[in-house]
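K.L.:
Chains as they are written, first to last, in this note's numbering: chain S, 1 to 743; chain U, 744 to 965.
Treat the hints with care, as some may be off.
To be verified - Derived BS3-like pairs: lysine-lysine, alpha-carbon spacing no greater than 27 Å straight-line:
| no. | chain 1 | residue 1 | chain 2 | residue 2 |
| --- | --- | --- | --- | --- |
| 1 | S | Lys25 | S | Lys10 |
| 2 | S | Lys635 | S | Lys421 |
| 3 | S | Lys59 | S | Lys392 |
| 4 | U | Lys745 | S | Lys345 |
| 5 | U | Lys961 | S | Lys345 |
| 6 | S | Lys392 | S | Lys462 |
| 7 | S | Lys345 | S | Lys221 |
| 8 | S | Lys462 | U | Lys819 |
| 9 | S | Lys421 | S | Lys10 |
| 10 | S | Lys207 | S | Lys221 |
| 11 | S | Lys62 | S | Lys199 |
| 12 | S | Lys344 | U | Lys782 |
In short, the hints are calculated from the structure, not lab data.
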Amino acid sequence: MALDTVAIAKANPDTEQPFAALGLKPDEYASIKEILGRRPTSSELAMYSVMWSEHCSYKSSKVHLKQFGEKAVKTDALLVGIGENAGVVDVGQGYAVTFKIESHNHPSFIEPYQGAATGVGGIVRDILTMGARPIAVMDPLRFGPADAPDTRRVLPGIVSGVGGYGNCLGLPNIGGEVVFDETYLGNPLVNALCVGVMKHSDIKLAKAAGAGNLVVLYGAKTGGDGIGGVSVLASETFESKGPAKRPAVQVGDPFVEKVLIECSLEIFAEDLVVGIQDLGGAGLSCATSELASGGSGGMKVQLDKVPLRDPSLSPEEILMSESQERMCAIVEPSKIDRFLEICKKWDVTSTVIGEVTDGTHLEITFNGELIVDVPPRTVAHDGPVYNRPLAKPAYIDQVAKEVINPPLPTTAAEIKETILKVAATPNLADKSWVTDQYDRYVQGNTIQSQPDDSGMVRIDEKTNLGVAVSTDANANWSYLNPYEGAKLALAEAARNIATAGAKPLAVTNCLNFGSPEDPGVMWQFAESVRGLADGCLEMGLPVTGGNVSFYNQTGTTAILPTPVIGVLGVIEDVRTRTPMSFKDAGLELFLLGATDDNLSGSEWAYIHGMRGGIAPTADLQREMRLIELLLSANKSALFAAAHDLSQGGLAISLIEMVLRHGVGAQVTLDKVGVALLSETPGRVVVAVKPSQAAELEALATKHSIPVAKIGTTGGDALVINDANIPLAELRTAHTETFKKLFG
Amino acid sequence: MKIGVVTFPGTLDDRDAARAVRYAGGEAIELWHDDADLKGVDAVILPGGFSYGDYLRCGAISRFSPVMEPLIAAAKGGMPLLGICNGFQVLAEAHLIPGALTRNQHLHFLCTDQAIRIENNSTAWTNSYSKDEEIVIPLKNGEGSYQCDDETLKMLEGEGRIVARYVGENPNGSRNLIAGISNERGNIVGLMPHPEHAIDSLTGPGDQGLGFFTSVLKAMVK
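Just chain U, with the same shape it has in the complex:
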């Protein structure tokens, strides 16, 4: 199973995402933003970071990178695609998922071990979890407050597309405590916290993030 990890200029967590893929038993393939070639991968991760320095708006420039064209087409065709943190912002800018990520309500960058609840375990990226399972993974961003209009929020809630929700105090002012959402089909997931930093208790708060990566491998076997 080949999982592509895209590197934009300013991407930071690409090697971490690749390591998580390896830990889960997959093969990580480096994809370069300037190369419109998915190299035959079965799924793709857009990792965290500050692509293009977050100039203009987070993710606003990256969505126009050459690699995005085949990627958007493949994702629309059903290929699993996970955007973590900055990757979530890119997905929103590319309109693959609705809404936008805005500045944290308290205006600070926040790095913390965050509890989230997996509310939809039928997506390509969450099928290893049980429904409503609570896990702790790092959250680290300056612009992680999920916002959308009331209608969109109602739709996301109604269709069960809130993949993960923050547990406890709202860390950044996201509407309805949203930590992650999916597209209608469930193959595209945008997630603000970082499962790739929770793949073992040596370097993370635990290994509860690994499920995102084992999930996609399972989804592809099916």
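The following block holds chain S by itself, in its conformation from the complex:
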């Protein structure tokens, strides 16, 4: 195909262009023409199509996401907020921590291993781009029914991809989720979170300032993989029939990324870059336009200088390629020699492809011909904004009327059967089959990982400063009430942090939904964002960034609304953390928080095929009092152990506690069925020495949190009222499920 230059575009205004095949709507194509005052060249069209995709432009979500700014919490802890590659939070002692979560859902369905692997790779580069050393990853995953044939295709590949990439990067995997629900069949969710740490002075931003500074592309060579990944793949609904989209999935090489990380950190340490951007979704189109808009806007790029894996790639393909493991840096001419020298040390390919100008346009040439001449902000930031129609779906009021009354155990035999069933059900069963495929030890700073309530890593070996991260979503509640569901997920993530003794500091999110073109889905999304923004404001936690993944639906069936909320907390001395379980007999077990008999959205109701009912209402004031209590108890070393209650209620929390160190417990419960299976939010089980029971009760009274003694630790069984469940039997039930399902 002949090169389509700016001159040709001017001379031939009526050439027909394949905008629809690239995922652009007619009115979007018209506004590109209006911006440029002519038709775009084919290269410009390629850039706009990927950058104006739902995935990159947030065109359907922007009007809602601005609440995170409007309802922003006043805090000094936030060093870099929404809009950069990742938010940055001050955690004290001169350290800054950056964390972010992103989705890689569609690619992981098409090609599970590579989709999941490059999901990890992408988020790690976002964190690196801020100037931070990546220190840990987490992966909330969601699949169709555990026994569905397609789950057996998708799950092993995704787990292996997460492990294969993360392990090879030397990043400990410190937690996540594995959840099964039929709505994720055909739309598995692969969310990946990365945490990084740096000193305040090391923060880097994506800006191309200073005319004459050089634009350097370094890392892997550019290939033909991932072309249109963000547009035709991530931003459209899967049709049950249609062409395979495999070429739109990127292929990753973690070794190249590991070397890129070490090389970049050495470059950062010598302060050799003015600005930096990784190449992820939308590749060079994104990196050049975002860097240029971060400065004055002027940049010249010679596209023919880009090193290629496949010399036959056209300029349009080079601009759209999402080949992994690439970075783009802005470097002062006086520092370029040292920059290239460090790249050479690490055997990293690096090429000067352009320079910053004092103009206002991004100009890209190919073999001397001008093929792109655009104001970069119009590509990177001034994309279309849609106020899409939204309407409360009819199901909401219907399911609210359903009576949720699954059978509840009363006799000893029923209690035992219930406990074994809860222990073995795929959503609550032991996840070692998954997490044993991830390296949790590398870097030598992992304090907590699965199955703890949160992941925790030490960031300073001398002072023992550490951070904790938890990700949570309760899609069952979000389905019943997306506003409350988002708040409840936030509360749960924060509680998980505080249970270990870390203070919640900041929030990130990954909002997974169906098609925004469906008014019902759009309503779920709007309600979720409103709930999260209100919740963060009330709890005083800033939102540092996030990610929206739409079009998670097949045909007209959307996934459950799944806002995954990540909360980061800080702990001054990781040695003082509160563990999730006890090693000693003779401790007293207490339940903090009141239990009600609403089973709507609970795992027990789900097991019995009941989806409806009314979600709990989030009481964030009570949650904050509970967090205060947990932190205060951690300071005075009151708890021998503390474990959060969430999906599966008290039943699964007790199971996890007794199995952790093989120390049993005797528990006495009134209304035993509800007590074990209700998922009333805002509850924690704690273990204390008998001599400290009074201190606990006084602390609970001080924070107005109900407290009740439920039992004592010891023995080799979990005894609940008259039911005796030997630990060996319980362990078998809890650990066999995944082995049976996945081999």
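Following the hints, put chain U in place on chain S, whose structure we already have.
P.N.:
Relative to chain S, chain U alone:
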């Protein structure tokens, strides 16, 4: 006492190995794969990771790195050398110890707290342990199944060169539950599990891995 820790491109556990050396009371010295200089160290650790991305075969490319030439000569002369995980694979590829590490029998990467028995406590790296002492340290690899021919196996068993053996279920299909072996002289040890990740109970399953690092310091004093 200076203990060198080699970094290849793709090495991951180099900082962990250096930390373990410090915890044991030694001085850790960074060695770079591309630099044929041992910087006067008294012993060397080849740490875990995916050197050169495990391209071709694990350890196959690293063994040709410039640092390997003086290292192989020094080890043949008696200098203590420990290869952990990927380092074990490099030792096997360099023929400093016999056999090969192959894909785990179950074909999965496995990260677990593993019990091993120290069967030979006379090597430079295990003299802090008592004979047949059982310890728990992390095992984490995709290609940790030790294989060799019958004759080699007989020789290793006969000469007491099985330094450590897995206790309980075989985690990866290694012949005779082999977790680690030594060369004839006992100064070179290849070990699949990771003692450097078990130097305190805060970050590991316990501190029972520290003995490997105190052992070499003791060996050098002698």
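K.L.:
What's the verdict on S/Lys207 and S/Lys221, does the C-alpha distance respect the 27 Å limit or exceed it?
P.N.:
holds (23 Å)
K.L.:
What's the verdict on S/Lys635 and S/Lys421, does the C-alpha distance respect the 27 Å limit or exceed it?
P.N.:
At roughly 37 Å apart (the allowed maximum being 27 Å), S/Lys421 and S/Lys635 break the hint.
K.L.:
Checking one constraint from the list: CA of S/Lys62 to CA of S/Lys199, max 27 Å. Satisfied?
P.N.:
Violated: S/Lys62 and S/Lys199 sit about 31 Å apart, past 27 Å.
K.L.:
Take the C-alpha atoms of S/Lys345 and S/Lys221, compute the straight-line distance between them, and say whether it is at most 27 Å.
P.N.:
holds (17 Å)
K.L.:
Is it true that the CA of U/Lys961 sits at most 27 Å from the CA of S/Lys345?
P.N.:
violated (36 Å)
K.L.:
For the pair we were handed, S/Lys59 and S/Lys392, check the Cα-Cα distance against 27 Å.
P.N.:
Since the Cα atoms of S/Lys59 and S/Lys392 sit roughly 21 Å apart, the hinted pair holds (cutoff 27 Å).
K.L.:
Taking 27 Å as the top limit, are the C-alpha atoms of S/Lys344 and U/Lys782 close enough?
P.N.:
This hinted pair holds, its Cα atoms lying about 23 Å apart.
K.L.:
Just to be careful, I want the Cα atoms of S/Lys421 and S/Lys10 compared with a cutoff of 27 Å; is the pair within it?
P.N.:
Distance ~70 Å between S/Lys421 and S/Lys10 Cα, so the pair is violated.
K.L.:
Tell me if the straight-line CA distance from S/Lys25 to S/Lys10 falls inside 27 Å.
P.N.:
holds (22 Å)
K.L.:
Taking only the CA atoms, is the gap from U/Lys745 to S/Lys345 under or equal to 27 Å?
P.N.:
Holds. U/Lys745 to S/Lys345 sits at ~25 Å (cutoff 27 Å).
K.L.:
Is S/Lys462 within 27 Å of U/Lys819, Cα to Cα?
P.N.:
Given that 27 Å is the threshold and the Cα spacing comes to 38 Å, the pair is violated.
K.L.:
Hey, S/Lys392 versus S/Lys462, does the alpha-carbon distance stay inside 27 Å?
P.N.:
Judged against 27 Å, a Cα distance of about 54 Å means the pair is violated.
Violated hints, in rising order: 2, 5, 6, 8, 9, 11; the structure is consistent with all others.
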